[in-house]
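A.B. asks: The residues making up each chain are set out below.
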Amino acid sequence: MSTQRQRRAEAPELKPGQLSKPELLQMYRTMLLARRLDERMWLLNRQGKIAFVISCQGHEGAQVGIAKALRPGVDWVLPYYRDLALVLALGMTAREAMLGAFARAEDPSSGGRQMPSHYGSPRLRIVSGSSPVATQIPHAVGVALASKLRREDAVAVTCLGEGSTSQGDFHEGLNFAAVHSLPVVFVCENNGWAISTPLREEMAVKRVSKRARAYGMPGETVDGSDLLGVYEAMQRAVARARQGEGPTLLEVLTVRLTSHSSDDNQFTYRPKKELATETRHHEPLAACGRYLRQAGILDDAKAQELEAAVAAEVDDATDYAERAAPPAPETLLERVYAEG
Amino acid sequence: MPQKNVVEAVRDALLEEMERDPTVILMGEDVGERGGVFRATEGLLAKFGPERVIDAPLAESSIVGVAIGAAVNGFRPVAEIQFADFILPAVNQLISEAAKLRYRSNGAFGRPLTVRTPYGGGVHGALYHSQSIEALFAHIPGLKVVAPSTPYDTKGLLKAAIRDPDPVLFLEHKRAYRLIRGEVPEGEYVLPIGKAEVKRQGTDLSLITYGLTVHYGLQAAEELAREGVSVEVLDLRTLLPLDREAVLATAKKTGKVLIAHEDNLTGGLGGEVAAIIAQDAFEWLDAPVMRLAGPDVPAMGYAKTLEDAYMLSPEKIAAALRKLAAY
Chain A
1 MSTQRQRRAE
11 APELKPGQLS
21 KPELLQMYRT
31 MLLARRLDER
41 MWLLNRQGKI
51 AFVISCQGHE
61 GAQVGIAKAL
71 RPGVDWVLPY
81 YRDLALVLAL
91 GMTAREAMLG
101 AFARAEDPSS
111 GGRQMPSHYG
121 SPRLRIVSGS
131 SPVATQIPHA
141 VGVALASKLR
151 REDAVAVTCL
161 GEGSTSQGDF
171 HEGLNFAAVH
181 SLPVVFVCEN
191 NGWAISTPLR
201 EEMAVKRVSK
211 RARAYGMPGE
221 TVDGSDLLGV
231 YEAMQRAVAR
241 ARQGEGPTLL
251 EVLTVRLTSH
261 SSDDNQFTYR
271 PKKELATETR
281 HHEPLAACGR
291 YLRQAGILDD
301 AKAQELEAAV
311 AAEVDDATDY
321 AERAAPPAPE
331 TLLERVYAEG
Chain B
1 MPQKNVVEAV
11 RDALLEEMER
21 DPTVILMGED
31 VGERGGVFRA
41 TEGLLAKFGP
51 ERVIDAPLAE
61 SSIVGVAIGA
71 AVNGFRPVAE
81 IQFADFILPA
91 VNQLISEAAK
101 LRYRSNGAFG
111 RPLTVRTPYG
121 GGVHGALYHS
131 QSIEALFAHI
141 PGLKVVAPST
151 PYDTKGLLKA
161 AIRDPDPVLF
171 LEHKRAYRLI
181 RGEVPEGEYV
191 LPIGKAEVKR
201 QGTDLSLITY
211 GLTVHYGLQA
221 AEELAREGVS
231 VEVLDLRTLL
241 PLDREAVLAT
251 AKKTGKVLIA
261 HEDNLTGGLG
271 GEVAAIIAQD
281 AFEWLDAPVM
291 RLAGPDVPAM
301 GYAKTLEDAY
311 MLSPEKIAAA
321 LRKLAAY
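Heads up: the sequence lines are chains A and B, in that order. For what it's worth, my numbering labels the leading residue of the first sequence as 1, then goes sequentially. For what it's worth, my numbering labels the leading residue of the second sequence as 1, then goes sequentially.
Chain A on its own, in the form it takes in the complex (with noise of 0.2 Å):
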């Protein structure tokens, strides 16, 4: 099973790139936050304290890596339900998470009215989404049409997952970005899952990627635990798009760790022996920890006090949010229209 993506079978030696040691201690640190914050928000979840939980856990790397490539605040990010380390790199907070968490009123997603994990900030041009997938890739176009338009190098930047490629508007998006050779990336966080549904029974493709040549367009597959392996490949589809090159499909090959959704029991359709192989080869956090580990940026007593500091800011998040105040009922009838 764990050869359907037929990627490398041991994660691959991550080579020093053009970042620095304090960058990739930072990135390594955002990963952990990412992968803390999400552990809590299960935790929450089963002590009934927030009603849902969708996870970025296994996914961090690809995600740390994407947002590095970006400058936050002036490239479009239209993000889905898994990008909690994507928004976390571009400069959400940890008390931001928690609040769209617990749907407060100070959430800045959505004041407490979207599930979790359906991101919004116009600071930070992180677009907001909705459930129904694959819906964000258009405006994502068209995001990128308007930079276009007025001269502008912002880039436009969305993911999806692998069973977003099946709907008609990752095609449809697609194809119009290449037409008009717009500075767009989609990112394809692949972890072989659609909920219950594996990679064979969606695609009789091996690899997303491929499809990019269908709409005239590069694309290119790399290993999502390999953190500059996912910078380098994202760099140069934000430099292609920046020159006026055009779209890339860029496709990364995640591992989901935890089942779909808080309401989801993975078990029950996916094999123990399956999940335990994909964990062991490509868990990026490990993987980005070993890698630390060997260039020496990373030891025990720096790790421990990573965790500590980690650990105090996901209690103070969790301390902030659950003691935030919910939106006011009568809100339900504010901002339908702009006038309102």
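Among the clues, some could well be false.
Said to hold, decoys possible - To give an idea of the chain A side of the interface with chain B (calculated C-beta under 7 Å), a few residues:
#, residue
1, Leu-43
2, Asn-45
3, Gln-114
4, Gly-120
5, Pro-122
6, Pro-138
7, Gly-142
8, Ser-166
9, Gln-167
10, Gly-168
11, Phe-176
12, Val-336
Rather than coming from a laboratory, the hints here were simulated on the basis of the structure. From a predicted model like this one, the values you see are computed outputs, not experimental measurements. For glycine and all other residues, C-beta sits at the position ideal for the given N, C-alpha and C.
Position chain B relative to chain A; hints supplied.
C.D. replies: Relative to the frame of chain A, chain B by itself:
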């Protein structure tokens, strides 16, 4: 004052708004070189260039979806769906996205967007070039739905739609495009979205309608005037939000109301208008509220006999008004 038809009024509004505001862009199928299959965008490519008049791939979901994205990033797109019958692939983008973007982001991301589309029958368009789709969208909070009847209203309301901060579905009756002529002043005027207009004053009966049926209703009212019955004709002009005050005012004035629309009866706008009257003007009524609408069939047929059997006409409306007058 110059006489223009409806399609010329659409073109005037687009031209003036594009001249006035450089962020107004058009996108749709065949809107460029061809100037639209109904020629509503004729000449605009030559005047504004391919960056502002964009021939889109034949894919309605992305026409609306890309327009939403451009709106998020500072433009005021006007998307054209070539025929309203073809808007259904874009329903997800209109209902899940355009209508909810402001609400779901707690006000952060609401943006202007106009989606124009020709609707309605009487042009030998058969099942898939004749439909009335307004009731599907008039149910959706977050959208505004406008359906003008005259060239004057078309220009003023389309300009308002383009300037509106929220998504507006702008319905142009395709039979009215060249059939209906009227005075349209040169230059600047904007009409308010959400306001109905009494197109003919009357005292005995009220006819509440919109779109092409307004003109059929005015002919029917003329006919009834010769028979000594005074019919007031209220043109809704905007279907969402409905002008409740105007509906109630005419119902209270005459006490007898016929609601007419080409869209089929069940779940149509007439039900909503009738409910407003039943709830808030019951004591003024002298007769049950009546509805005249397209029959509950999937759509009108191609053969003239089938099309005529479906369509409303001045004669059908006059007959219904006589029935109401006799109650």
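A.B. asks: For every hint, state whether the structure bears it out.
C.D. replies: Right, here's what the structure says about each hint:
| no. | hint | result |
| --- | --- | --- |
| 1 | Leu-43 | violated (27 Å) |
| 2 | Asn-45 | violated (22 Å) |
| 3 | Gln-114 | holds (5 Å) |
| 4 | Gly-120 | holds (5 Å) |
| 5 | Pro-122 | holds (5 Å) |
| 6 | Pro-138 | holds (3 Å) |
| 7 | Gly-142 | holds (2 Å) |
| 8 | Ser-166 | violated (14 Å) |
| 9 | Gln-167 | violated (9 Å) |
| 10 | Gly-168 | holds (6 Å) |
| 11 | Phe-176 | holds (5 Å) |
| 12 | Val-336 | holds (5 Å) |
Hint compliance for this structure: hints 1, 2, 8 and 9 are not met, and every other hint is.
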